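Given only the sequences and the hints, what does the whole structure look like? Please build it.
2 protein chains.
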Amino acid sequence: MFYVQIFYFLLVKSLLVHSESFTSITHLTYLFNTEVELAKQLESYLHEEYERLDRVEKFLNIIKDEIRQAQGKEENYFGNPINAYLFTKHLTVDWYGIEEIASRAISKDMGDNWIFPSFEDYTGSAIALMRLQDTYKLNTSELASGEISENFKSRKLTAVECYDLGRIAYTNKDFYHTLMWMQEALDQLEKDENKTSVNKVDILDHLAYATSQQGNLEHALAVTEEILNIVPDHVRAMNNKEYYEDLIRNQTSGS
Amino acid sequence: MFYVQIFYFLLVKSLLVHSESFTSITHLTYLFNTEVELAKQLESYLHEEYERLDRVEKFLNIIKDEIRQAQGKEENYFGNPINAYLFTKHLTVDWYGIEEIASRAISKDMGDNWIFPSFEDYTGSAIALMRLQDTYKLNTSELASGEISENFKSRKLTAVECYDLGRIAYTNKDFYHTLMWMQEALDQLEKDENKTSVNKVDILDHLAYATSQQGNLEHALAVTEEILNIVPDHVRAMNNKEYYEDLIRNQTSGS
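If you read the sequences in order, they're chains A and B. Each residue of the first sequence is one higher than the last, beginning at 1 in full-length UniProt numbering. Each residue of the second sequence is one higher than the last, beginning at 1 in full-length UniProt numbering.
Because the hints were derived from the structure by calculation, they are not lab data. Keep in mind that a hint or two might mislead.
[Stated by the list, open to error] Quick partial rundown of chain B residues pointing at chain A, CB under 8 Å, derived from the structure: (1) L31; (2) F32; (3) V36; (4) E37; (5) V56; (6) E66; (7) A70; (8) G79; (9) L91; (10) I115.
[Claimed, not checked] Straight-line alpha carbon distances no greater than 30 Å define the calculated DSSO-like cross-link-like pairs of lysine-lysine that follow: (11) B:K153 <-> B:K191; (12) A:K40 <-> B:K156; (13) A:K153 <-> A:K64; (14) A:K108 <-> B:K40; (15) A:K40 <-> B:K73.
A quick note: this is a predicted structure, and the numbers were derived from the prediction, not measured. Glycine included, every Cβ here is placed at the ideal spot set by N, Cα and C.
Laid out in C-alpha cells, this is it:
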C-alpha cells in the first residue's frame, strides 16, 4: 500500500515531468483514446487486407491446380478446348482482376518479362470452342461437365463460366451459341452451391434477347415474363414484353 | 476415341484460328511458362504479405490487450510507471515501425485526426520511471517483473524492453541506470524463450562501457572478456580490453 499511495499521489499530481514533456495520468488517459481508435482502424485494415489476400490465394490455388494437371502432358491438357479456354481466361480477364489487387511490383515485372495471352486469344479460344462444338456436334451439357472424352478431360464449368461463354457469343452477335450457353448457365445455376456468382435475371435477359433474334418470339416472351416474375419493375423487360406481344399479334394477324 | 483424335488433329494443326489470333497447343504450351512463373511470384508475394500482416496483427493484439486492461480503470493502470512507459512506447516507436508496413491511408488519417505522444513523451516516461525507482528505492527486478504493487500491476518486461530502457539511460549519459537495466536485460535474456529479440553482445557492450564510466574497471574488463568469448574478433572489445588493462595497470602502479 505504501507504493500504491505514492504512485497515485505522484502521478495524479503530474510529477512525471521531464524537460518540456509531461506524462500525467490525465494526459495518458487522453492519449489512450488514440490507442482505442488505432486498434479499430488496424482491425478493419487487417480484415480488408486478409480478404484481399484471400482472393489472391484463391486465384493462386486455381492456377496451381491447373499447372499440376497440365505439366508434362500439355498436349493432352490443351487438347480439350474447355481447358484451353479456361487457361486463356485465367491469364487474361482473371489475371487483370488480380493484378489490380496484388502488388504492382509483380505485375510490372511479369508484364515486362513474360508473354501473356491477349484478350483476342481469350475470345478466340471461346469462339474456337464453339466452332468445334458445331463441327462435331458436341452436346453443350457434356462439354460443360467435362465429359466429352476420356483422354482430354476438363473440369466442370460453373454457371458464371457458362455465362461468360454466352456473353462472348452474344458480343459476337452469335445468338445461336448465346442461347446454348445461357441455357447451360441457367441449368448450372440451379446446381451451383454459390448462387451469387451470376445473377439469374442477367442470364434470362440475354436468353430472351438471343431467343427473339433466333425468331422464337413466343419463347422470348415466356423468358421475359420469367424475368418480370423475379423483378416486377424490370424496365427493359416490361418494354420488351409489350414489344414481343405486338410482334406476335402482328405475325398472327398477318399470317 | 473419336473426339480425341479429332481434337488432337485439329489443335496440333493450329486450327483454333479466329481473326488474327490463334491459340495452337504450341502457343498455349509456350504461354504455360508464364503461368508457372506467375504461380511462383504470387506464392512468394503472398508469403511476404502474410508475414507483413502477421507483424501488424501482433502489434494489434498487444494494444488490444493493453486496452482491455486499462479501459475503465485508467488511473490504476497508468499509475504504474511501467504501464505508462509501455503505453507511450506503443504509440511512438512501435507505431512508427507499424506505420511503415501498414496502409498509408490509416497512418495519414490517424496522424491528422488523433494526438499521438511525442518521442519526448516516450523518453520522458522512461526517465520518470527511473526517477521513481531512485526516490522509492524500487528494485529493478521487481519493477521488471511487474511485482511492485498489488493495485498497480504491470506485465513482465522482456529482455528487449529492459534493453530499451537501458539504451534511453545510456543516451542520456545516465550510466547508473544503464547498468541496472542492462543487467536486468541480461537476466531476462537467460529466461526469455525468444532469445533473438536482442543480441547478448549488444547488452554486454553497453554494460561494459557503463561499468567503466561508473569507475569499476575490473568489472568492465571482465564483461569485455565475456564479449570476446562470444565474438573473438570483436574489434572495439579487443581495443577496450587493452585500454582497460592499461588503466588498471596504471592505477595499480600509481597507488
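Taking the hints in turn, this is what the structure says about them:
1. L31: holds (5 Å)
2. F32: holds (6 Å)
3. V36: holds (6 Å)
4. E37: Hint holds; E37 (chain B) Cβ to chain A Cβ min 6 Å, cut 8 Å.
5. V56: holds (6 Å)
6. E66: With a closest approach of 7 Å, the E66 (chain B) hint holds.
7. A70: Where the cut-off is 8 Å and the nearest Cβ of chain A is about 6 Å from A70 (chain B), the hint holds.
8. G79: holds (5 Å)
9. L91: This interface hint holds because 6 Å falls under the 8 Å limit.
10. I115: holds (6 Å)
11. B:K153 <-> B:K191: Distance of about 21 Å is within 30 Å: holds.
12. A:K40 <-> B:K156: The hint holds at about 26 Å.
13. A:K153 <-> A:K64: Holds, at about 17 Å.
14. A:K108 <-> B:K40: holds (15 Å)
15. A:K40 <-> B:K73: Holds, at about 20 Å.
In the structure shown, no violation is registered for any of the earlier numbered hints.
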